[in-house]
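Enquirer: So the protein sequences, as listed, match chains X and E.
To convert, note that position 369 of the first sequence is 369 in full-length UniProt numbering; the numbers rise steadily by one, no gaps.
To convert, note that position 323 of the second sequence is 323 in full-length UniProt numbering; the numbers rise steadily by one, no gaps.
If you are wondering where the hints come from, they were derived from the structure by calculation, not from laboratory data.
Among the clues, some could well be false.
Said to hold, decoys possible - Example chain E residues on the side facing chain X (calculated, C-beta under 10 Å, incomplete):
#1 S111
#2 F166
#3 K186
#4 C193
#5 R233
Note that the Cβ used here is the ideal one computed from N, Cα and C, for glycine as well.
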Amino acid sequence: MRSSVPEPQPKPSWLTDPQVRAWLFQVLAVIFVVACGWFLFHNTQTNLAHRGILSGFGFLDNSAGFGISQHLIDYRESDSYARVFVIGVLNTLLVSLIGIALATVLGFVVGMARLSPNWLLRQIATVYIEVFRNIPPLLQIFFWYFAILQPLPGPKQSLALGELFFVNNRGLYMPAPSLSEGFMPVLVAFLLALVACIVCWRRASVQQELSGDSGWWRPLGVGLLLAVPLLTAWALGSPFTWSVPTLSGFNFRGGWVVIPELVALTLALTIYTAAFIAETVRSGIQSVSHGQTEAARSLGLRPQQTLRLVIIPQALRVIIPPLTSQYLNLTKNSSLAAGIGYPDMVSLFAGTVLNQTGQAIETMAITMSVYLAISISISLLMNLYNKRIALVER
Amino acid sequence: MKQVKFPLALLAATLTLGSVTQVQAGATLDAVKKKGFVQCGISDGLPGFSYADAKGKYVGLDVDVCRAVAAAVFGDAEKVKYSPLTAKERFTALQSGEVDILSRNTTWTSSRDAAMGLNFTGVTYYDGQGFLVNKKLGVASARELDGATVCIQAGTTTELNLADYFRAHNLKFTPITYDTSDESAKSLESGRCDVLTSDQSQLYAQRIKLAAPDDYVVLPEVISKEPLGPAVRQGDEEWFDVVRWTLYAQLNAEELGVSSANVEELAKSTKNPDIARLLGAEGEYGKDLKLSKDWAVQIVKQVGNYGEIFERNVGAGSQLKIERGLNALWNKGGLQYAPPVR
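Chain X extracted, bound-state conformation (with noise of 0.2 Å):
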């Protein structure tokens, strides 16, 4: 009988074990990555160094000593170059979020405008579209900082608005609250008649859904809101006291200016960006196959209905990735602000405090670092958004 063992096989050199391989080419890539990351650093000191550059983050510590005319908050010019840092990082962020809030909202009037059955208005909104995405929007910003906003009269001409509201090309002047002995009872009364309205709002759709009818619940819950508080502020007292805007010497004092450096760049960067965020939504809409809402009509839902029930809910699905790369155009377009002047980071940081330290290794690194982190909470959060209204399959 023949023995039906195999005959030994060579044992194959590690080399050629393809896990093995793996692993090494990753752990040399690793290597080789790091190798260059540490060469770049080290040959920058050493060059820094050689030629007499400061470098390092102390300068963050010194004082700035300059003037800032847009601040959300509180700033002196004895404060540090890292106050002046967080200044211009909430000025960015206020420009950023104020344009795309006007942006989806504008962007999803006009792209369904795009696709109205009233003439006139896709054909306004097909002109909107291609006119604004068309230009420049350096060339936006200036046209309505330049042309629109600085012919504006001075402030002793102010246009003024009932003695509250002054438009001049200073900006926009307008009274400020600041909290009063009556601010706490009306907050407390506002909460309550809050929790009382949304209680109503949801016996509300319970009573809907039983009866087809939700009766007197939602004005009731309306009716609250607005009562509870204004009753309360009248008996116990207003709860804010108001700073208004008087003219004085060369300007207004004292009330809330929003300048027109932030409104020139807001209203470029809205404006630029709704447009192309309106075709994302046209898009996004005609994606839906028209048989929906055939479906739709047949079950009897009216025509907003199944705009709002049908349609848009299937639509968002095609919309929200290419709306999230606008909103990061948005935001990374708003360092066009240091053209005009407005004291965004770009312009703040990445301008003037490079330029008092001669730092700009550090602050250019800290500035794109920044940006970085901004435009990834913006993906991330519309990735979240995304997953939840994705479609899900069974």
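Given the coordinates of chain X, work out where chain E should sit on it, guided by the hints.
Expert: Positioned in the frame of chain X, the structure of chain E alone reads:
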């Protein structure tokens, strides 16, 4: 951002990839001689200092600094190429090696000298910060500017002086900071700001660019010291000496009465040992600087002595009509003083 990207990218590239031995004494002069021209960083359009004339040729005091260096190095004042830079871009452009000289009405301060890797070679213009306002405002002194909106250029010492001055006098102000001087001038005209602040020489220059110059007045206060001068990269003493002594040669020439009209004749026939040394008739002072023997003759012949370039660009012979004042020679009541050539 706009144009700032390029110098920054270049700086990043040279700093991260460049080898350590790149900066050494003599590197710049040799490189300049090899490429055959001086790369000169100037301003983005400031009458009297650096701006393009009707034929598109750059003229001005800052431009003449570079032309004089080219005359000293090559014997030809036209061997200069210019890079117009905004205030924000200028230091990066010099640090990165994009320009050889920064001659852009730049104030000499300790932090710029010590922490930015630059060296200032001298003072071409003693200046001070002032205010330009519309006559309609009826303001006669800067002390009356409480609550004013002020236009400034980003990345300048004026930004800091302004804040200091208003703080010291307990006045309030709102700064509006622009990238270029043209933008701030436009905003002054439109009334976005009440006041434009800058070095006084710049204010005079800005004023003649306005649509109605006579409606504007420069206030009497001078709130700072602004010694303006050319800067070079730190660590290259040879090039530093060339740029520094080019200015000193022009100052010495004026002091000794050497001008573009008489320099050639004096070079041949002078009996004055000071002039003879300056013009290379005696000694080898040009060789010490690694320049030709007649370096100073070329500077004065082609560009002029300091008095000539001052009068031609910003003084009586120009639109600006600025008095010599602090910029007169030391023996005529001013501050301009050059060490002797010997």
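Enquirer: Restraint: F166(E) near chain X, CB-CB cut 10 Å. Satisfied or not?
Expert: For F166(E), the interface hint holds, since the closest Cβ of chain X sits about 8 Å away, which is under 10 Å.
Enquirer: Tell me if the interface restraint on C193(E) is satisfied: Cβ within less than 10 Å of some Cβ in chain X.
Expert: Because about 9 Å separates C193(E) from the closest Cβ in chain X, which is inside the 10 Å limit, the hint holds.
Enquirer: Can we keep the K186(E) interface hint, with Cβ of chain X closer than 10 Å?
Expert: With Cβ-Cβ at 7 Å, under 10 Å, it holds.
Enquirer: Given S111(E) was flagged as interface, is its beta-carbon under 10 Å from a beta-carbon of chain X?
Expert: holds, 8 Å
Enquirer: Let's test the interface hint: is any C-beta of chain X closer than 10 Å to that of R233(E)?
Expert: holds, 7 Å
The structure agrees with every numbered hint stated previously.
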